[in-house]
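A.B. asks: Turn these sequences into a full structure, and let the hints steer you where they fit.
Each residue of the sequence shown is one higher than the one before, starting from -5 at the first, in my numbering.
Since the hints were made in silico from the structure, they are not lab data.
All C-beta atoms, glycine included, are put in the ideal place defined by N, C-alpha and C.
Hints may be right or wrong, so weigh each one.
Now the in silico label distances, taken between C-beta atoms and shown as ranges [stated by the list, open to error]:
no., residue 1, residue 2, range
1, ALA170, VAL102, 20 to 26 Å
2, HIS166, THR18, 38 to 44 Å
3, PRO167, LEU107, 20 to 26 Å
4, GLY34, ALA116, 40 to 46 Å
5, GLU59, ASP168, 34 to 40 Å
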Amino acid sequence: MIDTDTMAASGSSVAMGARADDMTIVMQCNELGKILGLRGPVEERVLTAAVQNPSYAANLILCRETPVFLHQLLAHPPPPRDAIPTGELLRRGADALWRWARAGFTSVEDAVLQRRLDACQACPNLSHPPEGQELLYKLAGTAAGSKSVCRICGCPVARKAAMTFERCPDAHPDIAGLSRWGEPTIQETSHTDQAKGA
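C.D. replies: Below, the structure is given as structure tokens:
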């Protein structure tokens, strides 16, 4: 169920019911800026990277309350994977903005959080923050000197595991179609979302 009160409080017109297909790229940049708590729009390259790269989008939302880390991410978006035609960018951007506004402000239940954190603690991809970026990760809330970062996506695991919309980026070693969290993989989730939109 969509928490419309929370979304309306975010000030996002996507959250308040703006039609996705009526949004221009400039409007989408403004909306993403609002979702991230910025005073203005994000650059188009940030929007494009967020639409193409779910891990980058997740990191933006995870770090929206940690300005130093957020500004680092905004200044260095991953390069575009492929050129996206404007119409496709508009459609995908509107869909992504709706998902982020809908889920970006909610946390999972305690039992889900504990299951996710237990899986992260047992995961071979759990690592220390990257060398030279320890301060940024400390500002993002990771414990100094501990294994607290996912090597695959670069997210602080405690923050990532708490977010409703987040997905583990690694496949379960024994169960096809599930992540190490025991939830549908990112690819499976994307296919499900596309099927719902069809």
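A.B. asks: Each hint: holds or not?
C.D. replies: Going down the list of hints, with the structure as the test:
1. ALA170 / VAL102: 20 to 26 Å: holds, 24 Å
2. HIS166 / THR18: 38 to 44 Å: The hint (38 to 44 Å, Cβ to Cβ) holds, given that HIS166 and THR18 are roughly 40 Å apart.
3. PRO167 / LEU107: 20 to 26 Å: Taking Cβ atoms as reference, PRO167 and LEU107 lie about 22 Å apart, which means the hint holds.
4. GLY34 / ALA116: 40 to 46 Å: holds, 42 Å
5. GLU59 / ASP168: 34 to 40 Å: Since GLU59 and ASP168 have Cβ atoms about 36 Å apart, the given range 34 to 40 Å holds.
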